[in-house]
Structure formats: C-alpha cells, structure tokens
Amino acid sequence: MSIIGISFGNTTSSIAAPTKDGVEVIANPDGERAIPSALAYIAEDEYHGGQALAHLIRNPKNTIINFRDALGQTFDKIDPTVTERSAHAVELNGKVGYKINKTEESLEEITAQKATVRHLEQLKHAAEDYLGSKVEGVVIAVPTNFSEAQRAELLQASKDAGLKVLQLISEPTAALIAHTSVENRLEEDKTYVVADFGGIRSDAAVISVRGGIPTVLATSHDYELGGDKLDSALSEFIAKEFEKKYKVDARKTARSLAKLKDASILARKTLSNVQSATISIESLAEGIDYHSTINRLRYELVARNVLNQFTGFVEDIVKKANLDVLDIDEVLLVGGVSNTPKLASNIEALFPESTTVIAPSLDSKASYPEELVARGAALQASLLENFDEEEIKESLAPVIVNTQHLSKAIGIVDAEGNFVTVLKAETTYPIRRSIQLDAPKGDVLVTVVEGEHSIKETVLEPAQADEDDEDDYSDEEPEVVREKLYVPGTKLAELAVRDNQAEKVEVSFNITKDGTLHVSAREVRQGSVAFKGEVTHA
Amino acid sequence: MSLPSLPSSFGAENFKLSSKYSAPTRRPIEPVGRYFLAHATRSLRGHTWSEYEKIEAEKNVSKVDETDEDADLGDEDQDAGLLAHDPRDWKTADLYSVLGISHLRFRATEDQIRRAHRKQVLKHHPDKKGEKGGLDQDGFFKIIQKAYETLLDPTKRQQYDSVDEGANVAPPAKGSDYDFFEAWGPFFEAEGRFSKKQPVPSLGDINTEKATVEGFYSFWYKIDSWRTFEFLDEDVPDDSANRDHKRYVERKNVAARKKRKTEDNSRILDLVARAIAEDPRIKLFKEAEKKEKERKKWEREAGSRAAAEAKAKKEAEEAAAKKLAEETAAAAKADAKKSKEAAKSAKKKNKRALRNAAKDNDYFGDASQAEIIENEINFLIESFDDLQLADYAAKVNGADASAAKTILSDAVKEQTSAGKLETSILKYFS
Numbered sequence: 001m002s003i004i005g006i007s008f009g010n011t012t013s014s015i016a017a018p019t020k021d022g023v024e025v026i027a028n029p030d031g032e033r034a035i036p037s038a039l040a041y042i043a044e045d046e047y048h049g050g051q052a053l054a055h056l057i058r059n060p061k062n063t064i065i066n067f068r069d070a071l072g073q074t075f076d077k078i079d080p081t082v083t084e085r086s087a088h089a090v091e092l093n094g095k096v097g098y099k100i101n102k103t104e105e106s107l108e109e110i111t112a113q114k115a116t117v118r119h120l121e122q123l124k125h126a127a128e129d130y131l132g133s134k135v136e137g138v139v140i141a142v143p144t145n146f147s148e149a150q151r152a153e154l155l156q157a158s159k160d161a162g163l164k165v166l167q168l169i170s171e172p173t174a175a176l177i178a179h180t181s182v183e184n185r186l187e188e189d190k191t192y193v194v195a196d197f198g199g200i201r202s203d204a205a206v207i208s209v210r211g212g213i214p215t216v217l218a219t220s221h222d223y224e225l226g227g228d229k230l231d232s233a234l235s236e237f238i239a240k241e242f243e244k245k246y247k248v249d250a251r252k253t254a255r256s257l258a259k260l261k262d263a264s265i266l267a268r269k270t271l272s273n274v275q276s277a278t279i280s281i282e283s284l285a286e287g288i289d290y291h292s293t294i295n296r297l298r299y300e301l302v303a304r305n306v307l308n309q310f311t312g313f314v315e316d317i318v319k320k321a322n323l324d325v326l327d328i329d330e331v332l333l334v335g336g337v338s339n340t341p342k343l344a345s346n347i348e349a350l351f352p353e354s355t356t357v358i359a360p361s362l363d364s365k366a367s368y369p370e371e372l373v374a375r376g377a378a379l380q381a382s383l384l385e386n387f388d389e390e391e392i393k394e395s396l397a398p399v400i401v402n403t404q405h406l407s408k409a410i411g412i413v414d415a416e417g418n419f420v421t422v423l424k425a426e427t428t429y430p431i432r433r434s435i436q437l438d439a440p441k442g443d444v445l446v447t448v449v450e451g452e453h454s455i456k457e458t459v460l461e462p463a464q465a466d467e468d469d470e471d472d473y474s475d476e477e478p479e480v481v482r483e484k485l486y487v488p489g490t491k492l493a494e495l496a497v498r499d500n501q502a503e504k505v506e507v508s509f510n511i512t513k514d515g516t517l518h519v520s521a522r523e524v525r526q527g528s529v530a531f532k533g534e535v536t537h538a
Numbered sequence: 001m002s003l004p005s006l007p008s009s010f011g012a013e014n015f016k017l018s019s020k021y022s023a024p025t026r027r028p029i030e031p032v033g034r035y036f037l038a039h040a041t042r043s044l045r046g047h048t049w050s051e052y053e054k055i056e057a058e059k060n061v062s063k064v065d066e067t068d069e070d071a072d073l074g075d076e077d078q079d080a081g082l083l084a085h086d087p088r089d090w091k092t093a094d095l096y097s098v099l100g101i102s103h104l105r106f107r108a109t110e111d112q113i114r115r116a117h118r119k120q121v122l123k124h125h126p127d128k129k130g131e132k133g134g135l136d137q138d139g140f141f142k143i144i145q146k147a148y149e150t151l152l153d154p155t156k157r158q159q160y161d162s163v164d165e166g167a168n169v170a171p172p173a174k175g176s177d178y179d180f181f182e183a184w185g186p187f188f189e190a191e192g193r194f195s196k197k198q199p200v201p202s203l204g205d206i207n208t209e210k211a212t213v214e215g216f217y218s219f220w221y222k223i224d225s226w227r228t229f230e231f232l233d234e235d236v237p238d239d240s241a242n243r244d245h246k247r248y249v250e251r252k253n254v255a256a257r258k259k260r261k262t263e264d265n266s267r268i269l270d271l272v273a274r275a276i277a278e279d280p281r282i283k284l285f286k287e288a289e290k291k292e293k294e295r296k297k298w299e300r301e302a303g304s305r306a307a308a309e310a311k312a313k314k315e316a317e318e319a320a321a322k323k324l325a326e327e328t329a330a331a332a333k334a335d336a337k338k339s340k341e342a343a344k345s346a347k348k349k350n351k352r353a354l355r356n357a358a359k360d361n362d363y364f365g366d367a368s369q370a371e372i373i374e375n376e377i378n379f380l381i382e383s384f385d386d387l388q389l390a391d392y393a394a395k396v397n398g399a400d401a402s403a404a405k406t407i408l409s410d411a412v413k414e415q416t417s418a419g420k421l422e423t424s425i426l427k428y429f430s
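So the sequence lines, in the order shown, correspond to chains A and B. Quick note on UniProt numbering: the first sequence kicks off at 1 and runs consecutively. Quick note on UniProt numbering: the second sequence kicks off at 1 and runs consecutively.
Hints may be right or wrong, so weigh each one.
Capping the alpha-carbon separation at 30 Å, the derived lysine-lysine pairs in DSSO-like fashion look like this [what the hints assert, rightly or not]: (1) A:Lys-532 to B:Lys-54; (2) B:Lys-20 to A:Lys-484; (3) B:Lys-54 to A:Lys-190.
Derived from the structure by calculation, the hints contain no laboratory data. Predicted model only: the values in this text are computed from it and were never measured.
Make the full structure from the sequences, and use the hints.
The structure is reproduced here in structure tokens:
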C-alpha cells in the first residue's frame, strides 16, 4: 500500500510519493514529471499527458484541456475562452462538458468531472507502475478559492478513479510545506508570499508561519494572467516577423495558430535555461516554413508588459494583506512560469534586500517550482499515514482549525530600552516560547510589552561622484533605505526576578487555549525558582 | 541583549499587571505540516505541552532500546594460548572462544554467530594486524574463518557441538562430599543438549514428586542422543593414488565413531545409575514405602483385635449386670418382708383401734349389747380391705362416742351397700 500527493493543475499535474528520505516526484511512462492535464480521443483510443497535447495541432476538436477550473462549476461561471484552441466547453445539464467526435458518426459528451476521473486514473496508473504497489491514499492540492461544490466534485471524481482522498490541502501551503521541509525552515517564524504562476491563471497568498503552523493572511487570483499570456506575446512576435518576411498572415487558421503556440511554448521554456533559442516551424502558413533564433533579451522585451503584470500582481497581494514589503521574509515562486529569469529578478527588485526570493534562476539549490505543490501534498500524505480517517476528520474540525492570532507582537524591553520580540504578530496560540537573555547579578526587571512598529526611511547621500568616472549613473535619484523598526508599545506587565546568581535569565511566554498569557522568568541555573504572572487579552 | 536591573522603586511585589494585550483575531490555520498535526493531537486529546513532549520522548526511548540489544556480542577477549594456536590444528581450538561467544556456546543463534564473527574479523583481520607490524599473524584469522564456517553449517555445527568439551559439565567425583542437586543438576542440563527430544525434564529438587523423579530417570535410561563423533575423524587422504589406504582410514573412522558412540551411551547409563544410587529422594521414597507397608499391615490386623476387645467388654458387662440383679433381688426380698411385717402390725393396730372405739366409748351407752357390738365390729373389720381399715381407723381415733358410732354406722352402710357385709348378720348397726 502506498500513498501519494497529487498537484492537479489546469495545465499540468504532478504526482509525488514519500520515500525513506524525503519525497520523490514520479514521472509518467513518457518521462514527464509535469504531466499535461490533457486528454485526446481518436476512435477507441484515449491519449493522456504530452501525447494528448500533441493532438492540439491535428485533432483539436477531440482534445480536452484546461478542465480543472470547470470542475463543479456551472457554465456561466467559467471562462470558455481557455478552451478556444481545443474541444470547446459547452453546457451539459447545467454542468460544463465537452463534445467529442470519436468517429464521424458518434458524438460523446464528456463532462469535466468525467475528464477528471480519467485524468486521475491515468495519474494513479503512472504512480502504481512506478511504485510497484497499489495506491491507497492520496492528498490532493487545490486552489485556495476552490468552492465547496468543486471540492465535492473532486472528491467524487477521486472516488470514481479509485483513490481515497486523505485530505484536500491548498496549493500555496502545499508549496510552502515542500519548501520548508528541509533544514527545519518551518521552525522559523516568517511571513511568506507564495506566488503560483500557472498556465492560464495566477494565484498568490500571503502566509505567516508561526510556531510551525501556517496561516493564510490574504489570497489573490488572476484568471487572465499566466504562461499563456507570455506565449501569446511571443506568438504575436513570430507572426509579425513571418508576415514581414513572407507577407502571409499566420494568424488566420487554427492550425497555424496551434503551431505558433506550440513553438512559442518551446521557445519560452528554452529561454528560461539558455540565452537563445531556435524557433523552427514547418509549414506555418501556406506551406511556408519559419526558422529563426531569438535571444533572451529580445524575448524579455517582447513579453515586458506581461512580465510587469506579474510583478504588479505580487505587489498587490502584499497591499491586500495590509503589510509592507518589509514584512515579507521570503517570496516563494511556484509554477512552471516561475522558471523565467526575468520574472524572478523583477520580483526580487520589488522587495528589499532582507527578503529572499526563491526561484531557480536566483538560487540554483531551489527545487523545481512546478513540482513544489506535488511534493508538499506527498509530505502531508506521509504525515497523515499514521492517523486513521476519524482522527483526520476530527483534526480538520473548525474547533481545531480556527484559532486565535495575536494582533500585535509581544516581547520584552532590554537594558537599552529596545524591544525584543518573543511572539510575533499573527502568532497563533496555544503557543509556548522562551528566550534567554544576559542578566546582571541581583534583582532583574522583565518588562512585558506589545511592540509598535514604524517604517524608517533613510535617504542615503549619493556617494561623491568621482569626476573621472563617466559611467556613474547613481546621481539620477538618491537611494532610499527603508527599515522596519519595533519600539516598545503598551506596557502589559512587569516581572521581578529576585536575587539572580546566574549569567542568563530565561523568560517564557505561554499562551494557553483560553488566551491567558503566562509569563515566567527564572535564572538559568539548576533548581532555580520561577517568578510568574498572568496577562489576559482585551 | 541583556535585561535591566530592577529599579529600587519597584517595591516588594514580584508581578505588576499594567494592561491587557490587544484583542486577538480568529483565523483558520492551514491544516498541514507536522506542527499542525501536533497541535491537533494536543487539542483533541487535551494534552498540555509537557504531557505531549513526554509522550513523544517515550516514543523515542523505546526505539533506541530496541537497537541496543546484544551490542556487546563477541567482546570476549581470547587468551594468548588461543591466539597463538596453530591454524593447521584448528580442530583442537575452542571455536566458540575463537568467536568470543564462549558464554553462549550451543545456545548461540545463527544471527549471534554472524555478528560475533563480524566483530572478530574487524579485530583480527590481517590488514589490521599489519598496521601493528606483525605481518604473518594471520593464523588466528584463519581459525576465525574456520570457526565461522563450521558453526554456520548446521551439520558441521552439530558435529562440533557433539565434541565441544567447553560445554560439558563433569559429574561430581565419587566419594567426595557434595550436594546432590547442585552437583548433578548442571551435569544433566549439559548432557540434555544431546537429546533429540526437547525439552529435557529437569532434575528438580528434594521436594519433587515421586512420579516426576521416576519420569526423569526413565527419560535418561531411554535417552535418544544425536551426539556424533565425525569431528574427531582422522583426516581422510584426498589423493586417489592410494585408494586402499583411503578406504582403510575411512573404515577406521567409522569403527572409531561407533566405538565412541557406544562408549558414550554406556557412560550415560552408568552415570544415570550412579545418580539414582545417590539420589536422596530415592532413599526417601524407599523409606516412605517401608513405612507405608507397616502402616498397611497394622491396618489389616485391626479387625480381629477389635473383635476380641468387644467380646471381653461384653463378658464384663454381663457379669456386672448379673451381680447387680442378684443384689437388687435380695434387697427387694428384705424390703418386702419388712413392709409386710409393717403392714401386718399397722393392720393389727387399726383393728385394735376400731375394736377399741366401741369399747372405749362404753359401747355407745349400750354396754348390754357389748358382745353383739364387738362381734359386729369384727365382721365389719373382716369386710374391710386394708385401705378402708386404715381410713376408718384414722377416723375413729380420738372421736367421741356418738361420732364413733356414726362413723361405724356409715362404714356398715357402705359395706352393706357394697355387698361386702350381710345385713342379716347385723343387729346393732343395721
């Protein structure tokens, strides 16, 4: 018996399985680790993954793509344009479906749910072939805004495909779990932006991790923005070049458009890794072949508008969470589009230096952004393995999941009057945290305060331009360094540690379930006595 | 970072509350990751932090304990003599000591042998010895390999165990002073390893029941031993050149084996016989048997003894009863005589009283008829029975003339009406 994690995307899906030391992303029999979520039909044959995607050129009417978002939705809620180059989405009994001509005569109606069942079955087979054992349990990652109806349909589809869903988790947290699974990163209290750039949509979430428990502070979704937009920009560029050269418009026929799209995707992916790519399309239009090379700089210029939209999208989510970019400790880029170097560097420029942006082009040690979600799902699956169904159900009850979060940071004041954070804002309780501080001999004062923060902007005087240095552009605008400062705010309580003999004093904060903050302080010495007090919330 | 000192104005209190902290916001946390699951487990089971930590810590401890078993296997040190043993004579070396498991011997499992061998190899591999300078010191390593080979093969191991002197326990020396169970127990335990039938019954102690003890010795008389003596075989020459010699050696080996086996069997039987002879329980059982016999005999004779006793008792009782009867009869006779005489005299006295009643009262004024009265009173007295006589005598005694006359008249009336006195013969009292 095995358990797996599935990331089920509109464009691609991934499967991952927990191994002895971590998680392994499973490739399908064609060697694809990011398996295209596509199904194609010819006569009695069904094609899946990359093989189905190839049908978009020859057999688009019988190829189903981008069906994930249609699951559990009514026809008027979905955007039918995402299927304009494949089997068109139509209304079937109020649900979304696709009409497939397997042969000339027969017309088969395949609902989005049926397509999902087939897709999940294929993923299950791929996993079982690889693992050599039956897949019993699965954790599936879904977008944060997946509605109850969509969840219900996905659960039903999984059941029909023979998969027992242990838990549905949200995509950004899955990615975060995968990212933080190494080096105990989950233990650090940090605030993350998880930006997931997919094929046809982009999602972002601001997630704070406190005491190892993630909380989503804000989410944002853009159904217009995605890799398709980049491909369209590149297609447009190629079409224009082609028109200029041969006076033939390659945007007239569906087949030409499909070929343009295919070539653009290939070129985009190539340019993520190398500086230049060859574009070669046989018989693009009217039997004329197209052949040229494009370098990364050209591509970035062509796609500049779209790339800026991505940056704006991330900027907006930080504002939506009522946070400053200084509050963000790490930005995690997820999804295949995140491989684009310019996208990552644009986002890095958006944030101050204290913020780490995680993308393959910036950090060679970062994991593949398109695999993060599946890895996270598999990690969660491995954790759930030790729990039975009833326990999982109980753990997901609102009484467990809905918890109180501190609205302000709580800490203590040190000898210089500075604020020392013990519990950050958005810390969920029950929590227990302690710090050790140097302390003078004799009686010691521990002042418990809430932290107030302010943003300090320092204008750096431009360095005296060297007369001889003609390449110096720095005098265009003075550099502004912004800093977030915490100062002691409302005083909550004062605690005296009498007759300290040790070098250090340990201050422990323990907020119980009812919200009572138990403060205790003791000298770091065997058999020392703790001085205690309690603070309640307003 | 360091903490400030307590200002002198702080006061005696240790904790001063100033205000409450800002109201928290309720948000759903993401139900993923091990910290969430730990949180959920704590909340569901109502554990506090320390309880949860304790439970988790205990989980870890049990894991560590499992892996530490048998860690010191094969750590025994070999003595210098064994280390210098000639590898060509490896058969004479103590193979269990070679692997450092002489405390286990035939009890060692295959896994234990493997692990012990591994340890010895790490310690005695020629590559390691070479470092210390002694280049041609691989003799002991050869013995280790031979020992490993022998002990891991079930057949070879059985052959070696058969002649493993280290596992043998000597029976107590004859004539020496020893505790039977302490001396023989280990011997039988050690010999028991050769039995095909397992488990072997134990010798027991002084309180063991007779049936168990007898079962123990009958087991040893009938013991089916797998002990073989191939290990002591003379090496059969491997060359085909001298076939006759080879066959001669083989035959000699077979004969030697047979001889040793027979010797071993008779050795066991002799020792079992000796043990029985020395077993204090057997002596106790014999004594008990003797006592039992005596007791039974005594019981058997009990019937006749009781009959004789009963007869004597009966005779004595009869004699006593007879004597008593005689005595009572004699007494009764005397009594009867006495009372008879008393009654006679009482009668006489009463008669006299009645007679005198008339006489003393001057015949009631009728002295003329004195004779008639006396006669009639005599008749009356004659008619009275003893009781009436006593009764009337008592009545007339002391009565005056008329009263006495009335009494006597009443008595006559009573007697005549009763038909005991004829009216015709009466004149005065009619």
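Status of the hints after comparison with the structure:
no., hint, verdict
1, A:Lys-532 to B:Lys-54, "23 Å, holds"
2, B:Lys-20 to A:Lys-484, "25 Å, holds"
3, B:Lys-54 to A:Lys-190, "28 Å, holds"
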